[in-house]
Amino acid sequence: MSQYETVFGAIDDFKTGGVIAIDDDPKNYVFSNVYEVAAKSAPWERVAVGKNFEYVIEAMRAEGTSAWYSCAHDEFALNMDDREVTVELLKLDDPDSLVDQESEGGHKLAGEPAGRKMGWVKLRRGHMALLPVGSAYRFVAEAPACVLIQTIQGPETIERWADICQSVPMSA
Amino acid sequence: MPDSLPLQSEFKVNPADNQTGYKSFQAGSFQFSRDEYFAHISWPGGQHTIPADSFMRSLMRDVAWGFFYGTVNFDPVFGTTNYYGEVDMFAGATNEAYKAVGRDYTERFKAEDLMQIFKEMVSDWTNEGYDPFAAPMETGQAWGVKNGDNDEAVTRQRVTAKRMVGLPGDTPLRSDESGYPVNRMFADVDQGEPEVHVEPGFENEVSGYNLFAYLSRSDVTWNPSVCSVVQESLFCPTSEEFTLPVEHGNDRCEWFCQLSDEIIWDIKDGNTGRNRAKVLMRAGDIACMPADIRHQGFSNKRSMLLVWENGSPKIPELIREGKAPNVAVKF
Ligand SMILES: [Fe+2]
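Line by line, the protein sequences are chains A and B. In terms of my numbering, the first sequence opens at residue 1 and continues consecutively. In terms of my numbering, the second sequence opens at residue 1 and continues consecutively.
Treat the hints as calculated values from the structure; they're not laboratory data.
Listed next, the in silico DSBU-like pairs over lysine-lysine satisfying Cα-Cα at most 30 angstroms (straight line):
| # | chain 1 | residue 1 | chain 2 | residue 2 |
| --- | --- | --- | --- | --- |
| 1 | B | LYS162 | A | LYS108 |
| 2 | A | LYS15 | A | LYS122 |
| 3 | A | LYS15 | B | LYS301 |
| 4 | A | LYS108 | A | LYS122 |
| 5 | B | LYS330 | A | LYS27 |
Hey, can you work out the whole structure from these sequences and the hints?
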């Protein structure tokens, strides 16, 4: 038995900290919790929880089977939950016809795109998968799970900062 | 760069002291010496003393990070500011009291020149059995007179994946066999790798790895390393135990996502050092460190932290010119 217990969060089991201001506005820290955001989202909403110029981290509630997505650059998916999320990948026959190759961020595709099966990755907690440029991907999750996407802001990115972020100081 | 300073070109490594056995060093007009308990720094018009353990941990990070982003404050007085190719070394430049009476002092160096002398210092001042990257309970003591060295520890290369850890030809996974056992505080972290099914021909693209297992096997603390890359967006996760040795004053916004356990951050103003806030982060919490602060973290139980950096070289100038905000998101 380990002497130490490593504490992870889950979409239905998380405990948040916060900003304890001394002489500051808590809003400056854009503080939220990725599990809480996913818990309050609709399935497959990709809500920005981090933003640095054009780059974002999206928190996504995985639940059921997603649409197919594609992107003109690499993205990465990190499963934050102890529930399995499968990533399925297709090599697109004609990626340019589906997503402008100059565009940024994940794009939702209509229906199942034409392409060859590349394979799949089953992600459990702490597992990361590459969502490679030139492919299409979709997720399958039997139970709700929180997945982080490392990407660039795009048409699927939802910004609802005022709803998700701490705006009044936490007391010590 | 904010103001033009001449590049210093004088560097000296002085022979080992008869009493302590340590070499002393000179970079520009900064002088460095150490004895059994302390590192001593002097410059024209001032001197400063830092406990040796704290100084070595900070010096190690500054070396490993290549002066990192923005300002690395070893403590409230001494530090470096990176201008990417050139670097300032200062005493009191980020300290309200020193500034107010004009006693702050700064010199500028070519980064590779100062790095060279810092590397020699970290090598000479590290004794056998002491690892400045390690948490204090996991290594020997920094104290005492010169006693051997630990060059294997102090010359570790920082991990920088090109695309993602575990991809063919990229940074490899960690294992017992490769010399990365699971840390004692992460003994309960699941070590299973994701199940991956690859159709022939897609071995370079269909890939996943267990980031949490990877972090549980990190042999260093407070040493963010690049694990996945989207252009300039760098995921730099790291394992944290005890304190971040430095007060990091980034020149851009920097994001933290706490992946496990808990860290409390001490936030001070970047220019003055005045306390501004504490930020308590638990698993799943995500927060932005504004570009005008300095931060220092404290982690009792070893924890996993995702440090998220935007590596774009354009950002510091945009912030200095007022074209980019100190806060990443306004709402
Ligand atoms: Fe930092």
